[in-house]
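Protein chains in written order, with our numbering: chain A, 1 to 273; chain B, 1001 to 1350; chain C, 2001 to 2276.
Don't read these hints as lab results, they were simulated from the structure. A couple of the hints might just be wrong.
Said to hold, decoys possible - Among chain C residues calculated to face chain B with C-beta under 8 Å, some are: (1) Gly2044; (2) Ala2168; (3) Glu2171; (4) Ala2172; (5) Thr2175; (6) Leu2176; (7) Gly2177; (8) Ser2179; (9) Val2187; (10) Gln2191; (11) Asn2204; (12) Ala2260; (13) Ala2261; (14) Ala2263.
Unchecked claim - Cβ-Cβ distance ranges computed for the label pairs, FRET-style: (15) A:Val134 - C:Thr2088: 26 to 36 Å; (16) A:Arg61 - C:Ala2168: 32 to 42 Å; (17) A:Glu172 - C:Ile2011: 11 to 21 Å; (18) A:Pro91 - C:Pro2053: 44 to 54 Å; (19) C:Gly2219 - B:Arg1102: 37 to 47 Å; (20) B:Glu1170 - A:Glu172: 27 to 37 Å.
To be verified - Calculated Cβ distances over 12 Å to all of chain A for the following chain C residues: (21) Leu2064; (22) His2121; (23) Gly2223; (24) Leu2268.
From the three backbone atoms N, C-alpha and C, an ideal C-beta is built for every residue, glycine too.
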Amino acid sequence: MKRPRRRDPLPGFGLSLGITLLWLGGLVLVPLLALLLRPLELGPLGFWHSVTEPRVLASLRLSFLGALAASAVNLPLGLLVAWVLVRYRFPGRRLLDGMVDLPFALPTAVAGLALTALYAPNGWLGAPLAALGVKVAYTPLGVALAMGFVGLPFVVRTVEPVLRDLPLEAEEAAATLGATRWQAWWRVVLPALAPALLAGFAMASARAIGEYGSVIFIAGNTPMWSEIAPLLIVVRLEQFDYAGAAAVGLAMLALSFLMLLGLSLMNRLWRRA
Amino acid sequence: MSLAVRGLVRRFGPALALDSVDLAVRGGEFVALLGPSGSGKTTLLRMLAGLDFADAGTVEIDGHDMSAVPARARRIGFVFQHYALFRHMSVFENVAFGLRVRPRASRPPEAEIARRVRALLERMQIGALEKRLPEQISGGQRQRVALARALAIEPRLLLLDEPFGALDAEVRKGLRRWLRELHAEMGLTSLFVTHDQEEALELADRVAVMQAGRVVQFDTPLALVEQPAAAFVAGFLGGAARLPAHLSGGVLAFSGLPLPPLSAAALRGAAPPEGAALAFVRPHEWALSPAAEGEGNARVRSSRPAGGHAHVELDLAGQVIEAEAPHGLLRPGQPCRLEARQARAFAAPS
Amino acid sequence: MTPATAEPRAIRWLLVALAVLLLGAFLLLPLAAVFTEALRRGWGPVVAALADPDAQAAIRLTLLVAAIAVPVNTLGGLAGAWCIARFTFPGRALLLALIELPFSVSPVISGLVWVLLFGAHGWFGPWLQAHDVQIVFAVPGLVLATLFVTFPFVARTLIPLMQEQGRAAEEAAATLGASGWQSFWRVTLPQIRWALLSGVLLCNARAMGEFGAVSVVSGHIRGETNTMPLHVEILYNEYQFVGAFAVAALLALLALVTLAAKALLERLGARRGGMA
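The following block holds chain A by itself, in its conformation from the complex (with noise of 0.2 Å):
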């Protein structure tokens, strides 16, 4: 490849591009100044107190921390859905590789709808639970769960290439060492996958943090205790405080920013490590 000159053998470099600006900077670009523009009507200070309201701070703390627990439960499940995808031959291993992607492809409010009719108190796994003492719909383990569905699939399709790339020699090189398999799989085979798995991580905690129809029909969305940061937008917006609606947008993408950057710092001491 090669820097496009006047004449450049493949054509069409101009047009392109042309096409690719107007349409990524009048659906996304501008669109997206307008919310980092708006909230600047508060004011420094009037943006501050707007962002740490009580129920403001409580509905992204549930947001982050649910994202970030649902995720971390998602890594062993992930990587164990990736494994046996990639190292096992099983009938019924399509049904299970095109499985992962259901929450991909399910319409957000059927994901809700769905998870809420089966962990609700009369559910047929909320049944069970509630008798165990154990309340899923309509608490932040509620939340936590959907956020768990929606993010699974970031997980495991992030680590699968990766350990289908990863070269068995490497196993076998060091059972001939006379590591135990145990060892090999420990010192070996999740090092090789740590970065990927960092990274499924990261993604599918951007994808929990602002997920709204898989998470708001089990939510209950009591304020302050079951209610996610995207519903608060909504509410503000209902209350035509567009600033204020903004200005919980754009934490949110602050905040999000900040823990991929740190997740991605992370990544980079590791691979030095």
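Following the hints, put chains B and C in place on chain A, whose structure we already have.
Below, chains B and C alone, put in the same frame as chain A:
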């Protein structure tokens, strides 16, 4: 067809990929561009095809400046290193492509296209494969399809980028000979890129040796071997030992090595100016004789049969020297006397 | 004896069983719940719920929105993939990152930004009102919000594949005398067709199933600005559970068909080229 390249310069950022290249190719010639990787061979080839463009200099074909002519109007056949076959098209469709995309006015009728494609496939000895997809045939067969596709447009000039690079040794040998014959029979003018000197010397009428974006020497294989014009060429071809030396008063003395000096009369080619020099001695240019223990200047490391003689590896004061000797003359571990019968010398780079 | 890189049989089966069980409970049970709830009282109420004029209007609106948003993002995605995967230019990495940006933005924010621009109190709100143009709480707003959330799908499916394929095939076409359009239609497009189709499919599934973003810009006017997912919510909030689950089941069916088609396309692509 004649090709003239003058003062061609190509920069990639700060790097100079082509540093004022001149090259003149006559019609019907089979020319190799030979050099180590990064010497600019492929860049030059792409410029001839119109796939890349010069920062300075000109490319002329039959006296016409090509700088304003886009690749698709040049009628130059290009065989890509990894063939770049259209993977969704059958072998037949791949070869027919160049005819099908012609403007309606000059596009041959379907029957004529089929006739020409089939004739080419037969010529390439792959007539039976016409319905296959590229992924369903072997590497050597893909090479032939790529060649047929390039020839279908009846090119004025055929360019091949590392034509044998992706093939294994056996297939490579066979294809080489076949390509040489094809070139002659079809009356083509061809340029091919290679980093394999054996390939270049065996196939080409003339070889352009490239180094760091320049053509160091452009000559027949024999002339390159007999009269290398630069230290780089002498070192690149023929497996010569490269030895530091000093020329003064008509005598070439080897620096830091226990070798008898050489009279300037024994130097082949033009002698360098007096002073520090680089001497190149090829394996067959050494005189070898066994010596008693404690005498001699070198020791035999190994001796392997190679055709009519033995290929001997010698230890000369820590430096490894490769030489030819009669069978059975020397055994591994044996001391021996080593002397250069002749050499080539160039002024040492400052 | 087990090879050095294989677990003992028992562990293998245990892991497979665990994965199947957990995925089944976590992903498949919810899906089963949707269909069970929908069919709780048999087919009659399901058919009635789907034949309801408001449901019909929601289905029509969903199709309309997708029919506008998907082609726009397909064309944009093709253009973006072409310039990013075939040329190098300063800012290319930034452009790629920006194209993927909408994926990391909350759906609610994806709707919010359009309200900030075109809502009653938005930047252009007063001007739009003065000229009697309605964007937010009307079909254009739904289309814009859907465009935002489905923005990256096509570009993101195409770019890795086209980067892997490289420029060589198009360069070969050029040396053989093909014009730019000939090269695009005869060489580029056939090489990416399965991936393109797969990207369009995913884009469409998301466009039809989007909830958060359209919820913000819809205004929830029955029969006018309700898409299918929004209709599900309204019915659910009105305790019309069978109706809600009936429409939800229809959407779930769309998801299943999309997944099946995508799997089929991947197999086609693997066999015929045109997908990584």
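Evaluated hints:
1. Evaluation of the Gly2044 of chain C hint against chain B yields a violated restraint, the C-beta minimum of about 50 Å exceeding 8 Å.
2. For the restraint placing Ala2168 of chain C at the interface with chain B, the shortest Cβ-Cβ distance is roughly 4 Å, inside the 8 Å limit, so the hint holds.
3. Contact between Glu2171 of chain C and chain B, as hinted, is supported at the beta carbon level, the nearest pair being about 5 Å apart and thus within 8 Å.
4. Annotation: interface hint on Ala2172 of chain C holds; nearest CB of chain B at approximately 4 Å, less than 8 Å.
5. At a threshold of 8 Å, the smallest CB-CB gap from Thr2175 of chain C to chain B is about 4 Å, leaving the interface hint in force.
6. Hint on Leu2176 of chain C holds. Least Cβ distance to chain B is approximately 4 Å, under the 8 Å limit.
7. Residue-level restraint check for Gly2177 of chain C holds (minimum Cβ-Cβ distance to chain B is 5 Å; threshold 8 Å).
8. The beta carbon of Ser2179 of chain C is positioned within 8 Å of a beta carbon in chain B (closest approach about 7 Å), and the interface hint is therefore held.
9. Restraint check, Val2187 of chain C versus chain B: the minimum CB separation of about 6 Å is within 8 Å; hint holds.
10. For Gln2191 of chain C, the interface hint holds, the least distance from its beta-carbon to any beta-carbon of chain B being 6 Å, beneath 8 Å.
11. A distance limit of 8 Å between C-beta atoms decides the matter here; for Asn2204 of chain C the minimum to chain B is near 24 Å, and the interface restraint is violated.
12. Given hint, Ala2260 of chain C at the interface with chain B, is violated; its Cβ is 24 Å from that chain's nearest Cβ, farther than 8 Å.
13. A distance limit of 8 Å between C-beta atoms decides the matter here; for Ala2261 of chain C the minimum to chain B is near 20 Å, and the interface restraint is violated.
14. The closest approach between the C-beta of Ala2263 of chain C and any C-beta of chain B is roughly 21 Å, which is over the 8 Å cut-off, so the hint fails.
15. A C-beta distance of roughly 55 Å is found between Val134 of chain A and Thr2088 of chain C, which places it outside the suggested range of 26 to 36 Å.
16. Against the hinted window of 32 to 42 Å, the Cβ-Cβ separation of Arg61 of chain A and Ala2168 of chain C comes to about 53 Å, which falls outside the hint.
17. For the pair Glu172 of chain A and Ile2011 of chain C, the supplied restraint of 11 to 21 Å holds, since their beta-carbon distance comes to about 18 Å.
18. In this structure the hint that Pro91 of chain A and Pro2053 of chain C lie 44 to 54 Å apart at CB holds, the actual value being about 46 Å.
19. In this structure, Gly2219 of chain C and Arg1102 of chain B break the distance hint of 37 to 47 Å, their C-beta atoms being roughly 57 Å apart.
20. The hinted range of 27 to 37 Å is satisfied by Glu1170 of chain B and Glu172 of chain A, whose Cβ atoms lie roughly 30 Å apart.
21. Every beta carbon of chain A lies more than 12 Å from that of Leu2064 of chain C, the smallest distance being close to 17 Å; the non-interface claim holds.
22. The beta carbon of His2121 of chain C is not kept farther than 12 Å from every beta carbon of chain A, the shortest such distance being approximately 5 Å.
23. For Gly2223 of chain C, the shortest C-beta to C-beta distance to chain A comes to about 19 Å, beyond the 12 Å cut-off, and the non-interface label holds.
24. Interface exclusion of Leu2268 of chain C from chain A stands, the closest Cβ pair being 15 Å apart, more than 12 Å.
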